[in-house]
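Asker: Listed below are the residues making up each chain.
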Amino acid sequence: MPLVRIDLPAATSTADVEAVSNAVHHALVEVFRVPEDDRFQLIGRRGPGELVCTPQYLGIAHSDRVVIVQVTCSPGRPGALKQQLYARIAAGIAGATTFAAADVIINLVESLRENWSFGEGIAHYVLQDRERAGVPAS
Amino acid sequence: MPLVRIDLPAATSTADVEAVSNAVHHALVEVFRVPEDDRFQLIGRRGPGELVCTPQYLGIAHSDRVVIVQVTCSPGRPGALKQQLYARIAAGIAGATTFAAADVIINLVESLRENWSFGEGIAHYVLQDRERAGVPAS
Amino acid sequence: MPLVRIDLPAATSTADVEAVSNAVHHALVEVFRVPEDDRFQLIGRRGPGELVCTPQYLGIAHSDRVVIVQVTCSPGRPGALKQQLYARIAAGIAGATTFAAADVIINLVESLRENWSFGEGIAHYVLQDRERAGVPAS
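Residue numbers (numbering that gives the first Met the number 0), protein chains in the order written: chain A, 0 to 137; chain B, 0 to 137; chain C, 0 to 137.
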C-alpha cells in the first residue's frame, strides 16, 4: 500500500540507492507493519539544481546530499507511530549509506484504502475490507 | 482536474507510452466523467533499479515491466466508481500496449476542488462553484 | 513544510529553472507565510511527450511550454489565501521567466502537520505543537 517516492542526487552510487530503498522499506515493515511483499518505490535521480534544499531549517543543517522520501499510505496511524517511522528511516539510511540522518527529509501523504489497485484493475482493499466485515462479494 | 503521474520503464517504446497515456485519460473521461480537455499528465521514464516493485503481492505476480499510475483528483467519488476506474485503466493499458493488466498499479490521491489552478493564477473551481451556487463574484 | 514538485520542459534554461523555483518559493513565503528557510523542491525536467497538457481547458489556452507545480503542504488554509497563492505564483513566474502565466498549472495536496520530518528522524511539528500547547516533552 505505501507508494514511496525517493529522490536523491544523481551521483549517488547504486549501492547507496539500494541501501536507501531497503532502509525505507524495512522501516515501513517494522514500524507500520506493512507486509514484506507490499513494496512499490520510485527512485528519482536528480541532477545539479534539481533537488533544492534549504541549508538549514528548524535547527537542522543540510548538506548538498539530501534524500527526500515521500510516502503515500493509508490514513489514521497515530502520531507516535509516525514519529517512530521517521526515526527508523533516518537511522536506517544513516547506518547503511553515506547519507547523514540530518539529510533525510520525510513526508507522508495519506490516501484512503479504497484508493489503491495492485494489478488486474482490482480494488484490493475494498474486497479485503468487505470480506473482513462478512459482506458477500456481490 | 486530475494530475496524473505515470511511471514506467525507460525502455518503453514511444507507442506504448502514448497508448498508456491515452488509456488512463480515456478511463478518467468515461468512468469519472472528467472533461475530455482536462488532461494533465507527467510521464516518468525510470531506469534500471529506479522502479522497485514486489514480485508478488495479494496473489498478483508482477513482471519487471510495471506501470505505476498516481492520480491526484477531487475527493468524494464512491468506492464502486473507483473500482470501475481501476478496471478500465488496467484493461485499457493491457488492450493497447505490451504491458500486462497484472502490472498496472494505481493509486488515487484526493485533493479539494479549491486546490487547483489551470493557468493565469485563477482558482477555477472556486469561481465555478460560486457561480453554480449563485453567489456574485465580488 | 511545503514539498514542491516542479515539472517543466527539459529544454528550459538554467536561468528559467532557477527563476521558477524562486518565484514559487517567494509566493509561499509571502502569501502562505512559510518560513524563508523552509524550502524543499524537486525539479523534474521532462523530455518530449513526457509532459502532456491539454491545448485548452476552462477557456485558457496552453502552449507546449507548461510548468506544473504540485505543492504538498499543511491543511486548512482558507480558499481565498489559496487563490492569492495561485495568482502570486503565476505572476511571479511570468514576470521573471519566458513562461506565460497561462501555462502555469498548480495543485495543492494537503497533508497533516504530523506527517513531516525535516532531518534526524524528528517529527518536528509534533514537538512544536506540543510545546505551543504547553505539554511537557515526555
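For the record, the hints were derived by calculation from the structure and aren't laboratory data.
Possibly wrong hints are sitting among the right ones.
Unchecked claim - Example chain A residues on the side facing chain C (calculated, C-beta under 7 Å, incomplete):
id : residue
1  : CYS52
2  : THR53
3  : ASN106
4  : VAL108
Just so we're clear, the structure is a prediction, and the values are computed from it rather than from any experiment.
Note that CB positions come from ideal geometry on N, CA and C, so glycine has one too.
Asker: Could you check the structure against the hints above and give me the numbers of any it violates, in ascending order?
Answerer: none
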